[in-house]
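**Student:** Chain residues, written in single-letter form:
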Amino acid sequence: MAIETQPERAHGAGGSGHASRRRRPWWMRPAIHTAIIGAVIGYLIGHLLGNFLASSDVATEYPNIPLSDTSDWPIVLGYAFAVVGWLAGLGVFNDLLRQVAGRPVRVATEEEEASEGVSRYFRFTLDHKVVGIQYLIGMIIYFCTAGLLAMAIRAELLSPTYHLFTSQVYTEIVGEHGTMMMMLMTSVIVGPFGNYLVPLMIGSKRVAFPRIEALSFWITPIAFLILLSSFMLGGFPFGWTGYAPLSIQSTAGADAYAVAFGLMGFSVILAGFNIIVTVICYRAPGMRWSRVPMFVWAMVTTSFLFVLAGPVLIAGMYMMVTDRTAQTAFFIDTLGGSSYLYQNVFWFFGHPEVYILALPGFGIVSEILPVFCRKPLFGYKVAAAGLIGVTLLSFFVWQHHLFMSGINPDMRPVFMLTTELISIPTGFIYLVAMGTLWKAKIRFTVPMLFTLGMYFNFLIGGISGVLLSDVPANVTAHGSFFVMAHFHYTIMGGLIFAFMGGCYYWLPKMMGIKLNQTLGKIHFWTMFVFFNSTFLPLFAVGMAGQPRRVFEYARNLETLNDWVSISAFFLGGSILIFVINFVYSTVIARVREEGNPWRSRGLEWQVSSPPPPGNFAHVPVVLSGPYEYGTPGAPPVADLNPPAGVVSAAFAGTQTARAEA
Amino acid sequence: MAAEAPPTSTPQHAAGPSGPNHGLRIFLIWLPLALAADLIIWFAWGPHMPPGAMSSSASNQQFDITVMAVMAAPVVLLVLVYFLYALVVWRAKPDDDTDGPAIHGNTRIQATWITLTSVIVLSLFVFGTVELYAANGSGGGEGASPLQVPGGPRLQVQVIGQQWKFTYRYPQYGGFETTQLVLPTNTWVQFNVTSIDVIHSFWAYQLGVKADANPSVNNVAFTKIDHTGTFDVRCAELCGLWHGAMTNVGLALSPAAFQTWATTTRARLRDVTAALPPYSLTYDPAFIPQMSKQMVAGGFDGAQGFFYPPTDPYQP
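Sequences listed follow chains A and B, in order. Position 425, counted from 1, in the first sequence is what my numbering calls 425; the numbers after and before it change by one each time, with no gaps. Position 248, counted from 1, in the second sequence is what my numbering calls 248; the numbers after and before it change by one each time, with no gaps.
There's no promise every hint is true.
Unchecked claim - Using C-beta positions, here's what the derived DEER-type ranges look like:
#1 T518/A - A111/B: 40 to 46 Å
#2 L87/B - L96/A: 52 to 58 Å
#3 S145/B - M232/A: 43 to 49 Å
#4 F395/A - T230/B: 40 to 46 Å
#5 S118/B - N408/A: 53 to 59 Å
Think of the hints as simulated: they come from the structure by calculation, not from any bench. A virtual CB, placed ideally from N, CA and C, is assigned to each residue, including glycine.
Only chain A is shown next, with the shape it has when bound in the complex (with noise of 0.2 Å):
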C-alpha cells in the first residue's frame, strides 16, 4: 500500500543517475526493431527446438510425440520463444536483469520521456499517457484489420452458392475475424482510455505498476501477429469459440489460435491488475468511493472481470495446446476427456468476457451523458450498483451458451434465471440515462450523438437477449444469424459506439487536438444508419432458419444477405470516415485545443491538454462529485494547488504515512 504522495520522489534515485549519461543511437536502444529482431531470433530457436524433440531419435525415447501431428511442437515452441525475444527485444527484462545483478535500475522521468518524442510511442514506455495513445492507435488497427475480414465475410455472403472464396479460406476469415475482434477488443477502452484517464480522473501521477501497464500493451502487437501468422498456417476451422475435438483435429493454424488467446489473456490480467490497484491506492485525497466517475467504476469493473476470467482463459489455452501437442486428452471424450470440459472453462471465461465487453461502454456513455445534458448523473449509486451487478452475475450465467449442448439439461431453467436476472442491473444503465435526461439541457455534440447512438444500439441488444435467455425461444434463435446480429448490437453497437465517442470526447483531451466536428457527423450518421441497416434484417436472417458462419444458405434470404451485405460495406465506409478525420485532424490540420470545449467538471479536464508530464503540479484534493451540474453552490471538483500540509495530513492515517514519519 505504497501511497506516494509525491511520486516524483520515487524516481529521484534513478532520474538524477543519468541525466548525465550519454544517450546510445535510437537504433542500438530497444525499441520496435529490436524487438521485431528478437522474435524473429526466437521463432527460429522455437521451432529448431521443436523439431528436434519432434525428431525420430527424440521420438523414440517420448513415443506420445510421432502420435500428434508433428509440425505442432515447432509452430507451439516457436511462438513461444519468439513472445519472450519479442519482450527481451523491448527492453522489458532490462531492470529485471539489473536489479538480480544488484545494479541500479535505469527509470526515466516523465518529462525524459516527453523529451524523446514521437519514438518514445515504439519502446517500452513507463508513462501511462504514452501507454494510453500506444493502446489508442493499436487498437485501432487491429479493429480495422478484423474489420476488413467482416467485408470479406460479407462479400461471400453475396450469393447463397460459395463464389468468392473456398470453403478452406472462408472459415479462416470467419475465424480470424471472430477471434481478432473478440480477443483484442477487450481492451479496447481499458486499454487507451483507461490506462490514460484513471489516474488522470482520480488525481493520482502515476498508475500503481507502471511496467506492468507497458507490459500489458506490448503484448498486444505480438498476439495480433501471431494470429494473423496463423493465415500462413492454413487458418483454424473453428470461429472464435475453438470448440473442441474440432480444434483438436485441427491443422497448425489452430496453434496460433491458441497462442494468440492466451498471450491475450495475459495482456488483460495485466491490464486489470495495475487498474485494480491504481484506483484502490491512488486516489486523491477527497476521492471518495462516493466521488469516483463512473468511468472509472467500469474500469475497476471490468479489471476485476479481467484478472477473474483471464486465467481461466489461460489454462482453456494452455489444455488446447497440450492436447494438439503432448496428445494429453482433456477434450478427447474416448480417451478419458470431455469437449463438454472445453466448452464449460470457454464460456466460463466467455461470459464474462461479453461483460468485459459492455462495461466499459456502460462507463463512457455515464460519463457523457451528464456533460451535455447539464445535469448531474441521476442515481449516481444505482449506476454504481449496476455495474457490480453486471459483474458478479457474469459469472453464473455461462451454461447459457450450452443450452442445447444436452449437458445439465435440468440446470437449464437455473441458467434461464442468472441470465434474464442480468437485465436488472443492465436496466439500472437505462433508468440513469432516463432520469438525466429529464428536464435537461441537451446539446448535440458528437460524443453525445454517439452515446444515444449507443444507448439505442444496447437497447435492441439487449432485449434480443432476454429472448435468447429463455430456453425453448432458445431453442430456435441458438447458433443462429439471431444471436450473431444480438451481439454484434451489443459489442459493436454498444462497445464501439461507446469508443468512438470516448475518442471524440477525450481526444482532445489527450491529444491536445480538436477533431473536425462536422466529419465527426458526417461519421455518425453514416456509421448509425449503416450499423442498423446491416444488423437489424439479420435478427430476421437468423430467426428465418440460416445459422452462423456458413458460406451457403437458403436461396430465399439472397435478399436480405444482399442488403446486409451492401450495407456492411457502407458501415465500413463510416469507419473510413473516423480513420481519416483522425488521421487529418491529428496529422495534418492540428487545431489546437488547450482548454475545457465540454465544460466538464471532470477531473481531467481541470489540467491542461495534453496533460503534463506527471499529470497534476500536486496532488489535487477532491472537493466535490464529478457530475454537480446546475447544483447551486457547489464547490469546484478540485483544489489543483492545495495548501502545503493539506495532502500529507489527508494521509495521516495510513500507514504509509506513519512509515514516512
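Assemble chain B onto chain A, guided by the hints.
**Tutor:** Structure of chain B alone, referenced to chain A:
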C-alpha cells in the same frame, strides 16, 4: 408495463412549477403505441412467427417467441418514446449556456423501476420454465436422460453427425441407416443425437428441433409433427470446412406412408445394415476409420452416403 416508472411523478426540484406534465404526455404517447404494437404482434405477426407450426415443439416456440415479443415491445417503445421526447423537448436552445436542474435521484422512481423490472424478469423466468417442461423440452437437446418424457409409443431416430453429413438410423426397424430424414406425423419422435467426430448441432428448422451432436454423448430431443411436408435440416455448430454445406431436406409422411417407406427401405438396405456397426447410443470415433476400410473392401463405396464419396472434401 414499466410505464409509470420514470415519467408520471415529477421530481420536486423541477424548474417550472406550472410547466407541462411531461410524464403524462410521454405516457399518453407511449400507451397507444404499445397497445397497437402488442395487438399487431399478437394477432397479425404471431401466427407467422418463426419457426412455424409444423410440429408440437415448433408451435411451442412460436408461442414463446410471440409472448416474448409482446413483453418486449412496450419496454422498447417506452425507452424509445422517452428518449425521443427528451431529445425533442429538452434540447438546449443554441444560445442557452445554463445548466439543467440539479436532480441527483429520486428514491421512489428508482424503487419502482427496480421492482417492475424484477417482476418482469421473474415472471419471464417462471413462464420459460413452465413452457420448457410442459413441452417436453420444446425440441431442445435434453441430454441422455431427460426429465420429461412424452408418454405412449415413440419412434426412435438416431441422428449421427459426422463431417459433413447427418445420417439417420431407425433402431425399431433393424437399425438401417439413411441420409434422408423421414418421419411420421402424429407420433412422438425421440431423436437420439450423437456424433462420431466433432461437435455438430442437429437443427430441423421447421420442426423446432435443435440438439448438439457431441461425440460419445447421446443427446435426446422430442417432437411430434402435426403436418406432412418437407423441412430443412442444417448443422448449427461450426464443425469444420464444409459446415456451411451440411444441409439436407427431411420429409414428414403420414404414419401409414412412413410405415411403408420404413419397411421397404429396411429390406432394400439389408446388406448394408449388416455391414454397419451394431446400433448403439454412441459410437467410438476410433472405430470408424477401421469400419470404413471394411466398407470400401466390401464394395460399399459410399454411394448411398454411408461414408464419404471419393469426391467429398477431405480435411487434412
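**Student:** Run through the hints listed earlier and report the numbers of any the structure violates, in increasing order.
**Tutor:** Violated: hint 5 alone.
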